[in-house]
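Undergrad: When you get a sec, could you build the whole thing from the sequences and use the hints?
Under our numbering, think of the first position of the sequence shown as 15, with each following residue one higher.
These are computed hints drawn from the structure, not numbers from a lab.
By construction, the Cβ of each residue, glycine as well, lies at the ideal position given by its N, Cα and C atoms.
Mixed in with the good hints there might be a few duds.
Stated by the list, open to error - Label-pair distances were calculated between CB atoms; the ranges are:
1. Ile156 <-> Gly71: 49 to 59 Å
2. Asp19 <-> Gly157: 36 to 46 Å
3. Pro99 <-> Phe79: 18 to 28 Å
4. Gly81 <-> Ile156: 20 to 30 Å
5. Ala74 <-> His138: 31 to 41 Å
6. Phe79 <-> Phe118: 14 to 24 Å
7. Phe118 <-> Pro158: 48 to 58 Å
8. Asp26 <-> Val159: 39 to 49 Å
9. Gly38 <-> Val136: 32 to 42 Å
10. Ala62 <-> Asp19: 20 to 30 Å
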Amino acid sequence: LDMLDEAAASGDVAAWAEKKLRSGERLIGFGHRVFRLGDPRAALLHEALDKLGDSLGPGAGRLAFAGEVERAVGAAFARLKPGRPPLNPNVEINAALLLDAVGFPRDAFMPVFAVARAAGWVAHAMEQQKGGRLVRPSSAYIGPVPPNAPADWRGSAQSNDQR
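TA: This is the structure:
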């Protein structure tokens, strides 16, 4: 919500969004490493906010403003990064709006997010303990071999060059 406050204080949401994107600053609540075309969790929370509608009282204005910020960020991103997938809202912005709407103070947001993720963290820890090693996403470097790469790395990287 601090980001929304900053956008509001700027007086020009479109200029604020463009300045943020040009500077390379991360826009909290936008984009996701996995959900490149949109975060389905954000969509569900947005539906919940829409259902609350007028019952949000003063929060309804914040929700409307968040929509304005979303449109400004989307338009600026499309203009500055043509051909790239859109920069969509992620779960963070809608979760913050929902927590705010139901009366949580801002300093409680992070603990609530942590509690929501705790089951997943415990499941990962149990999986890692059972397997005896850390669970990491698998990946392979397929780029050119850097000239300063160690000899043992060069052998495996060279095979990647042949892919």
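Undergrad: Evaluate each hint against the coordinates.
TA: Hints and how they fare:
In this structure, Ile156 and Gly71 meet the distance hint of 49 to 59 Å, their C-beta atoms being roughly 53 Å apart. Look at Asp19 against Gly157: about 41 Å separates their beta carbons, and that is inside 36 to 46 Å. Range check, Pro99 to Phe79: about 25 Å between beta-carbon atoms, so the 18 to 28 Å window is met. In this structure the hint that Gly81 and Ile156 lie 20 to 30 Å apart at CB is violated, the actual value being about 40 Å.
For the hinted restraint 31 to 41 Å between Ala74 and His138, the CB-CB distance of approximately 38 Å keeps it satisfied. Checked against the hint of 14 to 24 Å, the pair Phe79 and Phe118 passes, with Cβ atoms roughly 19 Å apart. Checking the proposed 48 to 58 Å range against Phe118 and Pro158 shows it holds: the Cβ atoms sit about 49 Å from each other. Against the hinted window of 39 to 49 Å, the Cβ-Cβ separation of Asp26 and Val159 comes to about 48 Å, which satisfies the hint.
Between Gly38 and Val136, the C-beta spacing of about 35 Å keeps the proposed range 32 to 42 Å intact. Hint check: Ala62 to Asp19, Cβ distance near 22 Å, so the stated range 20 to 30 Å holds.
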